[in-house]
Amino acid sequence: MKSAVIVFPGSNCDRDMAVALTKITGQKPIMVWHQEHDFEAVDFIALPGGFSYGDYLRCGAMSARSHVMKEVIKRANAGVPTLGVCNGFQILTETGVLPGALMRNSGLHFVCKDVELTVERQDTIFTSGYAQGRNITVPVAHHDGNYFADTNTLDQLEGDGQIAFKYASDINGAQRRIAGITNKAGNVLGMMPHPERMIEAPLGGSDGRIIFESVMNRLG
Amino acid sequence: MLARIHVTLKNGVLDPQGKAIENTLQNMGFSGIDAARQGKYIELDLAETDRAKAEAHVDDMCRKLIANTVIENYSFTLE
Amino acid sequence: MLARIHVTLKNGVLDPQGKAIENTLQNMGFSGIDAARQGKYIELDLAETDRAKAEAHVDDMCRKLIANTVIENYSFTLE
Amino acid sequence: MTKIDDTVITPEIVAEHGLSEEEYARIVTAMGREPNYTELGIYSVMWSEHCSYKSSRFHLKKLPTEAPWVICGPGENAGVIDIGDGQAAIFKMESHNHPSYIEPYQGAATGVGGILRDVFTMGARPVANMNALRFGEPDHAKTKHLLSGVVAGIGGYGNCVGVPTVGGETNFDASYNGNILVNAMTVGIADTDKIFYCAAAGVGNPVVYVGSKTGRDGIHGATMASTEFTEDTEEKRPTVQVGDPFTEKLLIEACLELMATDAIIAIQDMGAAGLTSSSVEMASKGGVGFELNLDHVPQREKDMTPYEMCLSESQERMLMVLKPGREDMAKAIFEKWELDFAVIGEITDTGKLTLTFGGEIVGDMPIASLVEDAPEYERPFVYTPKRAVVSVPAPDDINKAVTDLLGGPHLCSRRWIWEQYDHMVLADTVQRPGGDAAVVRVHGTEKALAISTDVTPRYCFADPYEGGKQAVAETWRNLTAVGAKPLAITNCLNFGNPERPDIMGQFVGCLEGMGDACRALDYPIVSGNVSLYNETNGSGILPTPAIGGVGVMADSSKMATVAFKAEGHSILLVGETKDELGMSLYQREIMGDESGLPPSVDLLLERKNGDFVRRLIENSTLDTCHDLSDGGLIAALADMAMASGIGATVDVGTALPLHTALFSETQARYLLAVDAEAAERIQSEAIAAGVLVTKLGETGGNRVRVNGGAVDLSLTDLTEAHEGWLPTFMANAS
Ligand SMILES: Nc1ncnc2c1ncn2[C@@H]1O[C@H](COP(=O)(O)OP(=O)(O)O)[C@@H](O)[C@H]1O
Ligand SMILES: [Mg+2]
Chain X
-17 MKSAVIVFPG SNCDRDMAVA LTKITGQKPI MVWHQEHDFE AVDFIALPGG
33 FSYGDYLRCG AMSARSHVMK EVIKRANAGV PTLGVCNGFQ ILTETGVLPG
83 ALMRNSGLHF VCKDVELTVE RQDTIFTSGY AQGRNITVPV AHHDGNYFAD
133 TNTLDQLEGD GQIAFKYASD INGAQRRIAG ITNKAGNVLG MMPHPERMIE
183 APLGGSDGRI IFESVMNRLG
Chain P
16 MLARIHVTLK NGVLDPQGKA IENTLQNMGF SGIDAARQGK YIELDLAETD
66 RAKAEAHVDD MCRKLIANTV IENYSFTLE
Chain W
16 MLARIHVTLK NGVLDPQGKA IENTLQNMGF SGIDAARQGK YIELDLAETD
66 RAKAEAHVDD MCRKLIANTV IENYSFTLE
Chain B
6 MTKIDDTVIT PEIVAEHGLS EEEYARIVTA MGREPNYTEL GIYSVMWSEH
56 CSYKSSRFHL KKLPTEAPWV ICGPGENAGV IDIGDGQAAI FKMESHNHPS
106 YIEPYQGAAT GVGGILRDVF TMGARPVANM NALRFGEPDH AKTKHLLSGV
156 VAGIGGYGNC VGVPTVGGET NFDASYNGNI LVNAMTVGIA DTDKIFYCAA
206 AGVGNPVVYV GSKTGRDGIH GATMASTEFT EDTEEKRPTV QVGDPFTEKL
256 LIEACLELMA TDAIIAIQDM GAAGLTSSSV EMASKGGVGF ELNLDHVPQR
306 EKDMTPYEMC LSESQERMLM VLKPGREDMA KAIFEKWELD FAVIGEITDT
356 GKLTLTFGGE IVGDMPIASL VEDAPEYERP FVYTPKRAVV SVPAPDDINK
406 AVTDLLGGPH LCSRRWIWEQ YDHMVLADTV QRPGGDAAVV RVHGTEKALA
456 ISTDVTPRYC FADPYEGGKQ AVAETWRNLT AVGAKPLAIT NCLNFGNPER
506 PDIMGQFVGC LEGMGDACRA LDYPIVSGNV SLYNETNGSG ILPTPAIGGV
556 GVMADSSKMA TVAFKAEGHS ILLVGETKDE LGMSLYQREI MGDESGLPPS
606 VDLLLERKNG DFVRRLIENS TLDTCHDLSD GGLIAALADM AMASGIGATV
656 DVGTALPLHT ALFSETQARY LLAVDAEAAE RIQSEAIAAG VLVTKLGETG
706 GNRVRVNGGA VDLSLTDLTE AHEGWLPTFM ANAS
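Chains as they are written, first to last, in our numbering: chain X, -17 to 202; chain P, 16 to 94; chain W, 16 to 94; chain B, 6 to 739.
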């Protein structure tokens, strides 16, 4: 599986994402700088975590307006599997590829810890490797992970099965404890927890690995 | 010209920061605060001197970057 | 009463947010922006109806919590 | 020349710059004339305590700084040690005490930014941050606000730059009410053949400024850090700097990218006293002169004067000397990262720092004088009088005493703090905060660094010499407890007013103790920082020589942690418990007494016991270990139980009174947990090695029980108290 990691000024989980992809897919991803207008064809696009543009103004706001995002949006809309983690999720909502917005945590503090997630859907390209009804542990590390959307949007997300992960308990005030959602087509996943930090026992577990493996299996 | 832009959360959008200010003020012994809301205030110094042009310009910047219209409203004045 | 509070950075204090907004607007193709500054805008709904009292009250809250007077200035209006 | 630089130098202005009459006279002699205002400003920061170490230099020289694995000791931006395989660990600790008291968020944040720059200046990618914090007593009016702001600031900066904050320490004591301590440490990794130093060379080579623009921030920060706090400190408020971690992140990437080429001859961050101290240091180390054209300094504000530009402490800036002809290539890198880049001068052979502005020479000073003529004081001191041994009585209710200690401010879990720090970014943190030492893998290998910061200020106060030894020994023990080989330390020496002989006596005593411990443990000091005048209206802080230790382990998969791994494991105590309750946490917190002698540190025993424990971890016999420190045996036992959710039943015998056996803070001790078969093996190996190992009991159940129920606590209740204190205390902080 050939993948790309998009790098913005202030991304800081780009290396972690690249390492995870290399370890899991056996192939080094290409690193794409935010000023690129185009990049070679890939099977998978990852928008990593971090503090692009220092989280200034709003998390992800400035990155969402970068050159490279126009291309990413085009490919995502054309069906290329795309994963946005943490800041990557924020960028995806800022571009409108995913609905809603990520607001300041209700506790107002940055929160970094392992959290338990319920896998809401096992039939997406990202989650097919998880057993039915399984709870997983993946760390979060964010200041603005409090998912917000209006009631209609939330009902629609639930109705269309776009909610991929929920927090097992309240972490940041997110509406309906939403931790990760997909687009309608199911090829774009945005999530606050960091699966790339949970890919091997020394880091505390490997539940995060399955997301990448699921995509890999789907792509064959 | 100077544009003064106010960005506020839309009605119905939860405002954790406003809520926190409200609670903290209460804990500090300030009473009689019915609600607190936190927004942003942005000033832009513009080279443009034509008011109508500046207005269109700033509106565009607000829609495209400064406010996230999914959750926020904006308004501005020019002087 | 409604207090509208503006909190801005003191002169000379680094404003990384303002700088980033300025750069991004430029990168997006907006020209003619000489400077951008970001501050906070806070609204408080007050039970108080006496203007003088409210004024003293809000000033106190600004100094003690809402503004960080080491690096920020504040101003407010009441209506 | 601009108006402000024509300011006539009066005795008042000299005094305002923190220079004594005698020091001023020295300046006039060195220059052969009166300095102008800009020059006076530069002398004042160069000769401030903060930059010149004038009170401490004499004693610092006595510390051991060498070992075969030391690549670079004190004197550069950070210390460098060889960790094998062509790699080096580069680290340093630094204080940001005064700014953090004035503005906790920005003070702490810029402290992190500054120490990061010290480390990546030398070519290292920063891989871990630590923070050693001291606050006033919990119920002091400012404590919550300061703690909340400092933690948010450390997180705000470290999280954004993407360097994990993996550990630290947190103390509360009334002596810090008006002088909190915020000590930040950064550890980085570089290739041994790619280490950068600050000595400038090559007459005619360009001097390049990179990073953020210069504003009027923090002018006089360095002199502020060198004076006592008084009521009028409020006036100095505008000297607070605001950090921009986003720019720092870009600066790290841009510098490392340029460092991968061969363009850089010398590089130095602009820390305290900014452009001035960085250029003087580079020139002095290289034995050359600098000519700087201040018109070319990137400026954030209008109408800045030479004085302001030279003394500004704007953050996120670096100074470099490049090989001639590499300017364009370097510029392209910095522009890609959206950072300022300006050639602001060149190297000369004059031995002078020459400043021009608007076509005029506005400063012309002999570099050697700025550095070498800085006064060095051998301040008078008196050693702290030796105390008598005291006997400390038993508590009324020992269960309550244990719960109060573990569920109180001094031993409670620091989770509320470290959960606000991204301690996992870079995906190499294999031992997270909460254990004895943080363990961070060397990227791409199984090898790892272990890091711990420690000092017990109340010991240092009661007996500076033993306290100094203990601080070094405790970091050594913490690194050993996870299985690492301790290699070297950095330090941050926080003391009161050195002009007071008793305070100077604390300083000298602590340094002597530290030195002896470093020598005995083969554990040299490679970098450090001194923060004096931590005093408000004449009342000083406890002597606080914070030590940051770094060790290495070949295979992090063998690392030990504190949590019990299974029920039915044997619990072993390494080392002998003595009646050492003087200055213990128990004595202070439960008995309300702070008398007597702190525990003595037997360095040979420390080494013998530690080497024994480390070998067990290295040969995979042991994976559960905790060193004993504050709170004694019972605190360590409870930690191990709480970390695992598995209880313990132990018997500590009756040779000592129960409260002594449990709360004594005798040094050189560890608790181990292993299966029965390994326990037997360890016990027989211990006899052969001459190490005292005693089996105390077994893991299991959901209670912590000692001596047949003399102590009997529910693990659930204990955990609730232990985890609950800090969040409850910090609720509603602003
Ligand atoms: N300010 C802090 N930031 C991060 N971690 C901290 C902080 N204070 C304490 N800790 C962590 O809490 C744990 C207990 O600290 P401490 O009691 O000082 O340990 P020890 O006694 O082993 O030196 C350690 O893992 C330490 O790293
Ligand atoms: Mg320990």
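Simulated from the structure, these hints should not be mistaken for laboratory data.
Quick caveat, the model's predicted, so the values are computed rather than measured.
Take the hints with a grain of salt, since some may be wrong.
List time: in silico DSS-like cross-link candidates among lysine-lysine, alpha-carbon distance up to 27 angstroms [unchecked claim]: (1) P:Lys34 - X:Lys148; (2) B:Lys700 - B:Lys583; (3) B:Lys563 - B:Lys405; (4) P:Lys79 - X:Lys56.
Some chain W residues close to chain X (C-beta under 8 angstroms, calculated; not the full set) [what the hints assert, rightly or not]: (5) Leu24; (6) Gly27; (7) Pro31; (8) Thr39; (9) Met43; (10) Ser46.
Stretch-level coverage of chain X by chain B, calculated; a stretch enters the list once three of its residues show a Cβ under 8 angstroms from a Cβ in chain B [unchecked claim]: (11) -5 to 2; (12) 21 to 30; (13) 76 to 83.
All residues carry an ideal CB built from backbone N, CA and C; glycine is no exception.
Status of the hints after comparison with the structure:
no., hint, result
1, P:Lys34 - X:Lys148, "holds (24 angstroms)"
2, B:Lys700 - B:Lys583, "holds (17 angstroms)"
3, B:Lys563 - B:Lys405, "violated (37 angstroms)"
4, P:Lys79 - X:Lys56, "holds (18 angstroms)"
5, Leu24, "violated (13 angstroms)"
6, Gly27, "violated (19 angstroms)"
7, Pro31, "holds (6 angstroms)"
8, Thr39, "holds (4 angstroms)"
9, Met43, "holds (5 angstroms)"
10, Ser46, "violated (15 angstroms)"
11, -5 to 2, "holds (count 5)"
12, 21 to 30, "violated (count 0)"
13, 76 to 83, "violated (count 0)"
Violated hints for the displayed structure, listed by number in ascending order: 3, 5, 6, 10, 12, 13.
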